[in-house]
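For reference, the chains in residue letters:
Number of protein chains: 2
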Amino acid sequence: MKKLVIFGVGLIGGSVALALRKAYPELHIVGIGRALQLHDTNLQTAQKLGVIDEIGIDLGQALESATLILIATPVAQTPAILQFILPHLNKNTVITDAGSTKADVVDYATSILGERVSQFVPAHPIAGAEKSGVTAANATLYFGKNVIITPIAGTNSTAIDMVTAMWQATGAVINRMPPTQHDSIFAAVSHLPHLLAFALVEELATRPDAQDFFKFAASGFRDFTRIAGSSPEMWRDISLANSKALLGELAAYQTQLSLIENLLKNNDSAGLQSLFERASAARNAWAHQQAITDKEQTDKQ
Amino acid sequence: MKKLVIFGVGLIGGSVALALRKAYPELHIVGIGRALQLHDTNLQTAQKLGVIDEIGIDLGQALESATLILIATPVAQTPAILQFILPHLNKNTVITDAGSTKADVVDYATSILGERVSQFVPAHPIAGAEKSGVTAANATLYFGKNVIITPIAGTNSTAIDMVTAMWQATGAVINRMPPTQHDSIFAAVSHLPHLLAFALVEELATRPDAQDFFKFAASGFRDFTRIAGSSPEMWRDISLANSKALLGELAAYQTQLSLIENLLKNNDSAGLQSLFERASAARNAWAHQQAITDKEQTDKQ
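Residue numbers (the numbering used here), protein chains in the order written: chain A, 2 to 302; chain B, 2 to 302.
You may find that some hints are simply not true.
Put simply, identical chains are the same to the list, so a pair is met inside one copy or across any two.
Stated by the list, open to error - With a cut-off of at most 30 angstroms between alpha-carbon atoms, the simulated DSS-like pairs for lysine-lysine come out as follows: (1) Lys23 x Lys266; (2) Lys4 x Lys49; (3) Lys216 x Lys23; (4) Lys23 x Lys4; (5) Lys146 x Lys3; (6) Lys296 x Lys216.
Because the hints were derived from the structure by calculation, they are not lab data. Every value quoted in this text rests on a predicted model; they were computed, and no experiment measured them.
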């Protein structure tokens, strides 16, 4: 890999850059600027920190010789960026992204890139942090983390290999699945929990006596609602992009809540206990498995 | 204060004992044993660690000279314990508890203790940890934490003063409110979030392909579901004891979810953004205020 062009040099894009510098010492990294409303101050910081070598003022020049183009902006910007890229897209250049939803990105790419969609490998790294921006970027963000790539029938196999190698170089674990399966899994384990946390805080915050409640909220509330502090724009985009799967998960969850409501109404002590036992055992087994996986990754590192 | 008798020398009761040792060096602390199904090994550990001075094998002797009796067992044991106490209750002895629900405890105390209910001060310390048992107890658990006391019309004011002084000696901040207000607040900020977290894990865990989902759950899921790893027995008891307030909160939450469901169905980008913005701002303002309060308490300490 000779030249990497990154749209969006924040936590996600910046951390890829830092990790790849170690794997490919000769790699030239360009961050894309102003034309796509990226903040110049952020790009200047990225250059000062050595995250990127060059700010891509001239879009055409930056793109035409790129080995790999990584789109790491908020996902709603992806269609506009693909349109910018298309006229400058060399036939050997590979494009990938890091968006949290995949079926919508595949649809955009198919309609915008046409037959050149074969050069596009949709991907989603399952890593992030409460912090954002290039100052939060670090070379080990992806170490031991899952990255999901969702190729379609027309995706070029050399393109898949290049994106796989790129993520492996960051220390990530690669998984492949169809875009719709990706969106269905993340609707359940990520998008729905965010919606539920936003809903709880909204419901409390809009009460006239909200402060009487917030005053006594403690550590359980803190952890449960942490994700309700996430970016409203990002979660609006994800919710709309994945609304079909998310509505399905929301309906299943509402059914579950109605079951619990009935257990409470019927004073069903045994029913509640058995439900709480299953959930508690499943949650603790999951956390135990996560701890084992984390330790294995730390040991490798 | 001369003699403190504690039913349930675990994290909660043990931490009270350790904190009070500092404030009242002459205090004699008795832990109550076998008759009420407490584990002897736990009490022996408590004595070895210096948390208690004596294991209360003889219930009558232990209780008759007590200045203060603290009930810090799971809340479902409270009625039986009050019945045990009553025949041995000196007229100057004060009883308090540390249960997570208050209206039910007040009802039990009123019906079991009769006019002696004037000696009972219902209380709830808002502190805890994922750990449990006396080995997790520590003298600073309550420092800067809220303790809510919920006296009723007949509660003796000297009893209130004694329990207030006891909690202040642990470093806690005392709040007073009626039992029903307590239960209504905690239904919203604690009991409902627990129920919602149990519901999410249950809904996922009972799918045939649950592992495909759990495999990709990450840090947002981890924090959101942490409280679903809590004790099933304890949360069964709390849910049933406070079912009326909890059902009210659950209904309000379901209404909120239906609103969000409609925003998604209508592809209402502005509506979702404005809801997520309000929730995110409220959650971050709450966390900011908590950080200030925590820092003030740490500075005092």
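(request) Run the structure past the numbered hints and jot down the numbers of the failing ones, going up. (result) 1
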